[in-house]
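Listed here are the chains, written in short residue letters.
There are 4 protein chains.
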Amino acid sequence: MESIIREFNLNVDLAVEARDLVRGSGTREIPGVEEEIEEMENIKIHTITIKDDTGSKAMGRPPGIYVTIESPPLKINDPYVKEDIIQAMEKSMKILSEQYLRAGDTVLLVGLGNWRATADSLGPKFIQYSPITRHYHHYAPEALVEGMRPVCAIAPGVLGITGLETQEVIKGIVNNVQPALLVVVDALAAQNVDRIGNSIQMSNTGIQPGGGIGNMRHALNMETLGIPVIAVGCPTIVNASIIAQQAIKKYCLDTGMMYNDLKSLNSIKDILSYFGGSLAVTPKEIDDIIENSARIMSMGIARSLFPGISQEQLELYAN
Amino acid sequence: MESIIREFNLNVDLAVEARDLVRGSGTREIPGVEEEIEEMENIKIHTITIKDDTGSKAMGRPPGIYVTIESPPLKINDPYVKEDIIQAMEKSMKILSEQYLRAGDTVLLVGLGNWRATADSLGPKFIQYSPITRHYHHYAPEALVEGMRPVCAIAPGVLGITGLETQEVIKGIVNNVQPALLVVVDALAAQNVDRIGNSIQMSNTGIQPGGGIGNMRHALNMETLGIPVIAVGCPTIVNASIIAQQAIKKYCLDTGMMYNDLKSLNSIKDILSYFGGSLAVTPKEIDDIIENSARIMSMGIARSLFPGISQEQLELYAN
Amino acid sequence: MESIIREFNLNVDLAVEARDLVRGSGTREIPGVEEEIEEMENIKIHTITIKDDTGSKAMGRPPGIYVTIESPPLKINDPYVKEDIIQAMEKSMKILSEQYLRAGDTVLLVGLGNWRATADSLGPKFIQYSPITRHYHHYAPEALVEGMRPVCAIAPGVLGITGLETQEVIKGIVNNVQPALLVVVDALAAQNVDRIGNSIQMSNTGIQPGGGIGNMRHALNMETLGIPVIAVGCPTIVNASIIAQQAIKKYCLDTGMMYNDLKSLNSIKDILSYFGGSLAVTPKEIDDIIENSARIMSMGIARSLFPGISQEQLELYAN
Amino acid sequence: MESIIREFNLNVDLAVEARDLVRGSGTREIPGVEEEIEEMENIKIHTITIKDDTGSKAMGRPPGIYVTIESPPLKINDPYVKEDIIQAMEKSMKILSEQYLRAGDTVLLVGLGNWRATADSLGPKFIQYSPITRHYHHYAPEALVEGMRPVCAIAPGVLGITGLETQEVIKGIVNNVQPALLVVVDALAAQNVDRIGNSIQMSNTGIQPGGGIGNMRHALNMETLGIPVIAVGCPTIVNASIIAQQAIKKYCLDTGMMYNDLKSLNSIKDILSYFGGSLAVTPKEIDDIIENSARIMSMGIARSLFPGISQEQLELYAN
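Protein chains in written order, with numbering that gives the first Met the number 0: chain A, 0 to 318; chain B, 0 to 318; chain C, 0 to 318; chain D, 0 to 318.
Just chain A, same shape as in the assembly (with noise of 0.2 Å):
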């Protein structure tokens, strides 16, 4: 799958589908690569590390540890399983920032994307859903539960509707206002359909363009902004040409025909002809995924953000 992940410029946001791409039809493991599975009644939870160079040089992406919580019913806001999730999430943004993050400490979230784009809101979504404390601090002490730390939040735009890259708007922000970390959301891109709204993948490697280790002028990590970066992310689309060498390859395996990646690229880059790698796949319920679990996601963050605060408390400083 690499030729059409790379003629397309496409990302491999997610560890656990980067892996079996590295993998391939095998279960081999993979050298500097460990893998951890913890299942639960509706969750599963795959924990990534990538412990050196050689591992990350195989999955194209930098050391560090990647969470993936797997729960289908994310999707639709499942009021019984939604609490599982959330704690789920608590849990493992405390294994990733608890190294980073003491009591009263301000920590900024970065809501990725656009607003206007249905599959490209999470990012502002999840702001909008998240409690925000910061002002009250320095307004109105008396209005925070005791012990509240500082949080403060912003959705930058996207370059296309800004003219400004992120690291440009992020850089200045982190500069004036000292967070001691920084949690990053964004739409992502999976390799799957069964993918969208089912998962969300939690790093302590912050964001790399392209999902990759290239170009660091656009990075939000420690090493560009200073400060501790955890992603968060959950799978809104899969491209439309990945789904087309997925029919193809298929249809190779069960016929048991040839499969040429090259010829197979050319024959897609014809079919997707105008709109070339732009074309995203969504499932036409992909509004309320993104509202479902953008809400999820804003509890399952702040949760961790605020200990020992009740979601009913939490809900009251949400815009």
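Each hint should be verified, as a subset may be incorrect.
Since copy identity is lost for identical chains, a pair holds within one copy or between any two.
In silico lysine-lysine, DSBU-like type, Cα no more than 35 Å apart, as pairs [what the hints assert, rightly or not]:
{"no.": "1", "residue 1": "Lys-268", "residue 2": "Lys-170"}
{"no.": "2", "residue 1": "Lys-248", "residue 2": "Lys-283"}
{"no.": "3", "residue 1": "Lys-93", "residue 2": "Lys-248"}
{"no.": "4", "residue 1": "Lys-262", "residue 2": "Lys-43"}
These are calculated hints, taken from the structure and not from any lab test.
Given chain A, put chains B, C and D in place with the hints provided.
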């Protein structure tokens, strides 16, 4: 392509694409179907006339006139081509409606779809940008330009949100308001991504669910409503299963392998799994495409309904 | 206050405020009108019963029961008080509707107002958060919890945008769908800013334009629709002319000056000039107030329509 | 009117209204302040120049040029007057900015306010309709018309939602992007309902909180950002306390009674009670007024920033 359309219960909304499906790779004439093409600088107008039951059966839609205006700049609201598209719509609308509509007759506009789901919001947005005048006739006739007919509009919502069939909502309004003509606007599904935001189809046959002849319970047409119904639409999505099938077919063609429709269908069902036929392919720019085509379509229809009234004046009556 | 209400064609939507206007500064009983007050920890329930024509004439609204649930935390979606308000609504709805509604009967919800104008979007938002089940009865009965009745809903829009009277839209739906009960929700105008986002009025009299008895052409009630209509509303605005008059009256009272109603009216007309009676006073937090009260009201109504179904289950059927 | 403004912590955003407050009922000249009026068919342009500290103290705002374009059709997006307003803005912007801005210089647009609260969404909507070009300079210079300068934009949100001061967001962007000029757009509060959607104020002094000289911590101006800042705004609300006071004053005047400012203030505080100074008066049409004025303002500013580029071309670069 028939099997995939049946399997996933898809629509072939565009008559020009139904014609291509019927013809296959050939270019033979279809009995009972006539076609005419007019080419201008930025616009191509296809007029397909289904003349009898033979044509109707072949094309899978009722006898009548289907006009398709093709213009790639439609999707970007190109200020230079906009006026050309509006004039083409005005002219086509007149051909489709002039036998039914006299000066002063009331017209009801119906915008189908769900304004909260981007790719399905074309109908409601069309209503939003259309000049509405009927209430002025009752309450403030002095606010109307001489010769403006009564035009009213409704966006009835979708079954999944209202629990109501469209026909249940519209039938009563038609009875109470007694319009001479109904114009119904909806987002369409295409068989080809190039069609998205590039074509406007207008027909004098009304709307049938599935684009087909079947169930009259849900149709909006002369038979069910007792008044002529002009259907207007613009493609905003392609079903993901169509893309997958096109990819397999193209790959077989390009590599000289044999294409088997049933095996292809099974491979596709496997890769689309959970979401099945509900996966839509849209360009990343879909929000803008909807916005731009809704504005142009509302002006094209308005200019035909209010002959002699300038664009500037009409804009004053839009919401 | 009568003259200003006539002059600017204002509504006195709340029965409790109509009662205050009738009584003036006194506390005398109004012939033909009975009142009962129930006080709980966070909630006060006023029940005003207009028993005959004498009461109806005095109060400027038809005979019937008007329940007002007062609870200041309504506007902030306080998670601690929310359940109390929902239970108060459930109980009041039962008193108002139980004579009309048997298990399995269909209910039609109507959300009046304009979803694009914040202070007027309560009705459409109420619809959005209400569980809708009627289409499952037709297409997927297995997806329903045992005992769920068919509930459908529509937000018909406003005259200025559709060119249609609400009655013209609703009458036909009632004829086609044959519901046993209609529940209509609308944003209300109050006489006092303290009422905004603090009260819910529920009555078994339906809706009359101007809150009055007048013109039947636009009413939604038993007389015009042939089925019982329960009207539910929450105040979201006060007209600016009311504020202006209250200020003048209070100043006269505080300074011992004489208040002259006609002169006051003229002064007010001068300062409101161009926009006249169309000026609404709303708190800066109006968007949140609408959002929160719509959510609580949808759950209060839903709980009464689906007895025995849990909150969590109901949320799965909301959009 | 001073006492009510202090009591409720209100802004006098418009220089033309500050002048009226200073002058009272007289028409005397204000030392250190010059005024010029230009009248055209549909438009009146007031230019107030505060020349020194004496004028600054009297007017409660920094020395500089304040241009107010008055045109009642602004609020309805009248297609006949639109071009006149755009040209008046273009001309005024040039007077205010030409000393700072050379061909090719980068400009940063800042849209203040909250896009989720209608009356406060003018700034974010202005950004939405403005042509943005900076990213093309980096990634696709061939997509630009010859001579287009880099323009970028951000809507930083409001303190209550982000927990961030505007200056904390903007300062870093200015440091990273190094624009030659900042244009900041915001919704304004007027003292008079006639001003709503009827005036555009443009000044070369930047923005100070409270429209005053006070606290530099929150100002956006040359002093705090190190670059020239042009502030542009349109009145969208009047505070309810202002309306109340005007009503009392007018009534006293009309009836020959004595007006007492302190007593008036106390009466007003009583009637506004719970919501205090947060009550805003807006016309029912506020959503349309915001939409229309945002579109016109974005074009007026764009035409001045991109001289020689046609309206049609500019629209292709707006989002």
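Now the hints, each set against the structure:
no. : hint              : verdict
1   : Lys-268 / Lys-170 : neither (38 Å within a copy, 44 Å between copies)
2   : Lys-248 / Lys-283 : both (25 Å within a copy, 25 Å between copies)
3   : Lys-93 / Lys-248  : neither (40 Å within a copy, 49 Å between copies)
4   : Lys-262 / Lys-43  : between (37 Å within a copy, 33 Å between copies)
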